[in-house]
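With the hints as your guide, set chain B onto chain A.
Residue numbers (our numbering), protein chains in the order written: chain A, 1 to 385; chain B, 386 to 479.
Don't read these hints as lab results, they were simulated from the structure.
Keep in mind that the hints are not guaranteed to be accurate.
What the hints assert, rightly or not - With the C-beta cut set under 7 Å, the calculated list includes, among others, these residues of chain B facing chain A:
| id | residue |
| --- | --- |
| 1 | THR393 |
| 2 | SER403 |
| 3 | GLN439 |
| 4 | PHE440 |
| 5 | PHE444 |
| 6 | GLU447 |
| 7 | ASP448 |
| 8 | ASN452 |
| 9 | ALA471 |
| 10 | ILE472 |
| 11 | ALA473 |
| 12 | GLY474 |
The structure presented is a predicted model; accordingly, all values stated were derived computationally and were not measured.
Think of the CB as a built atom: it goes at the ideal place given N, C-alpha and C, for glycine as much as any other residue.
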Amino acid sequence: MNQNRYFSKEELLRYNRHIIIPDFGMEAQEKLKKASVLVVGAGGLGSPLLLYLAAAGVGHIGIVDCDVVEDSNLQRQVLFDVDEIGMLKTEAAKKRLEALNPFIKITVHHAQLTSHNALDIANDYDVLADGTDNFPTRYLVNDTCVLLGKVNVYASIFQFEGQVTVFNQINEKGERGPNYRDLFPLPPDPGSVPNCSEAGVLGVLPGIIGCLQALEVIKVITGVGETLNGRLYLFDALTFESRTFNIKKSVDNPLNGQNPTQTSLIDYEQFCGVKAIERKVKQITPKEFVKWQDQGVGVQLIDVREPHEYELVNIGSQLIPLGVIGDQASKIDLNKRVVIMCKSGMRSAKAIRLLEDKYGWANLYNMEGGILNYIDEMELDLPVY
Amino acid sequence: MPIVLIPTPLRRFTRNSSKVLVSGSVVSEIVDNLVLDYPEVQSHLLDSSGSIRQFINIFVDEDDIRNLHQLNTVVNIHSTISIVPAIAGGNLKN
Numbered sequence: 001m002n003q004n005r006y007f008s009k010e011e012l013l014r015y016n017r018h019i020i021i022p023d024f025g026m027e028a029q030e031k032l033k034k035a036s037v038l039v040v041g042a043g044g045l046g047s048p049l050l051l052y053l054a055a056a057g058v059g060h061i062g063i064v065d066c067d068v069v070e071d072s073n074l075q076r077q078v079l080f081d082v083d084e085i086g087m088l089k090t091e092a093a094k095k096r097l098e099a100l101n102p103f104i105k106i107t108v109h110h111a112q113l114t115s116h117n118a119l120d121i122a123n124d125y126d127v128l129a130d131g132t133d134n135f136p137t138r139y140l141v142n143d144t145c146v147l148l149g150k151v152n153v154y155a156s157i158f159q160f161e162g163q164v165t166v167f168n169q170i171n172e173k174g175e176r177g178p179n180y181r182d183l184f185p186l187p188p189d190p191g192s193v194p195n196c197s198e199a200g201v202l203g204v205l206p207g208i209i210g211c212l213q214a215l216e217v218i219k220v221i222t223g224v225g226e227t228l229n230g231r232l233y234l235f236d237a238l239t240f241e242s243r244t245f246n247i248k249k250s251v252d253n254p255l256n257g258q259n260p261t262q263t264s265l266i267d268y269e270q271f272c273g274v275k276a277i278e279r280k281v282k283q284i285t286p287k288e289f290v291k292w293q294d295q296g297v298g299v300q301l302i303d304v305r306e307p308h309e310y311e312l313v314n315i316g317s318q319l320i321p322l323g324v325i326g327d328q329a330s331k332i333d334l335n336k337r338v339v340i341m342c343k344s345g346m347r348s349a350k351a352i353r354l355l356e357d358k359y360g361w362a363n364l365y366n367m368e369g370g371i372l373n374y375i376d377e378m379e380l381d382l383p384v385y
Numbered sequence: 386m387p388i389v390l391i392p393t394p395l396r397r398f399t400r401n402s403s404k405v406l407v408s409g410s411v412v413s414e415i416v417d418n419l420v421l422d423y424p425e426v427q428s429h430l431l432d433s434s435g436s437i438r439q440f441i442n443i444f445v446d447e448d449d450i451r452n453l454h455q456l457n458t459v460v461n462i463h464s465t466i467s468i469v470p471a472i473a474g475g476n477l478k479n
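So here's chain A without its partners, still in its complex pose (with noise of 0.2 Å):
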């Protein structure tokens, strides 16, 4: 057997499906085997794309995510199993790549990543995947790559949808491509839209998404084909319907646009208005407000989680869910006291702020902890989720 410069025999065993590949071949190969891909986020766009970049070859894999493995990640996130629960998730996936291709390598980042660590972090990396689940690490992620001159594979899903694209990517022509700042310059407003810990997703979704991250890091690596440079792709889970939208460069983007205005990583919860939102508002744990009830004090009690959950569970308040509060205000009553709950006490918090901001209203308590608080101090046999 020939010898080969870069694999062993048993490297080439394991490649061969891509290597007898025509259009992949050796060469494409080779390219994984040194290329190192940075994947943020090891959650439900993390599982599949980390198994598949380690089953395919990339060489040196890194691993950002500051979590550890719940059994209400197993429903989507493949990459773990039930004995690791418990287990910091860098490690699990550390352990199951490492059985799953023992020629490559594997670096963990036990951390969040923040405007003080990333672009130290990213920096020995050639691509970055970014599978994460809040907006200010999406633009975080977005700024180092564009700083750096990397490759940023980008994935997101909610519910039943799923985007898929590659920013900053040099094209054929030597001209960069497109980044997530001309797509979508400004975050939305924090509570604006509810967020997928809310919202819920399907399990099979982030597979499907992540995938195509998976793809697409390995077509940004290999060279091979077209990537999603300049596109947006689209996935509709519920009409199996997808769609493929031209995005282009804006000059107004403040990192490369006609007159650049930002030269460094800023702080992003700020620019995504989440440390705006953090006023304190007016607390009440659940045995004080069922003082309050036995008192006989006029209480309202609201509830602003979504529908779907209320039906799983309540305690027979009304509910208003946060993405309509603003517009049912009406429905709020203004002689009493009125508390108002979710289920951990952080949407009602946002609840609370928004008719504050818009009404000035004073009567308004956040149940502390929530339902499930609710649930665990007042000791009731009721489904917890």
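Okay, now just chain B, sitting in the frame of chain A:
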């Protein structure tokens, strides 16, 4: 009549329809008529000055109206208008 494709986050304001038929010959008329039919869409689609929110893209067929004629982009009866908001999910926490 042009078809407007509604993204998942806004479907709860369009009685769960993913596609709605809306009359109009330019994008601004489509937006106005959509909001007339589904008033709750307005605050999610437009800011207080009546402009399309910056985290929402509108495409006529395959192209972003920002690269065409913005809200004055012409549509015809066969056009598909897609509303595409930023979504951030991926590594979902609970």
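Verification of the supplied hints:
no.	hint	verdict
1	THR393	4 Å, holds
2	SER403	6 Å, holds
3	GLN439	4 Å, holds
4	PHE440	4 Å, holds
5	PHE444	5 Å, holds
6	GLU447	5 Å, holds
7	ASP448	5 Å, holds
8	ASN452	5 Å, holds
9	ALA471	4 Å, holds
10	ILE472	4 Å, holds
11	ALA473	5 Å, holds
12	GLY474	4 Å, holds
Checked against the numbered hints listed earlier, the structure breaks none of them; every hint is satisfied.
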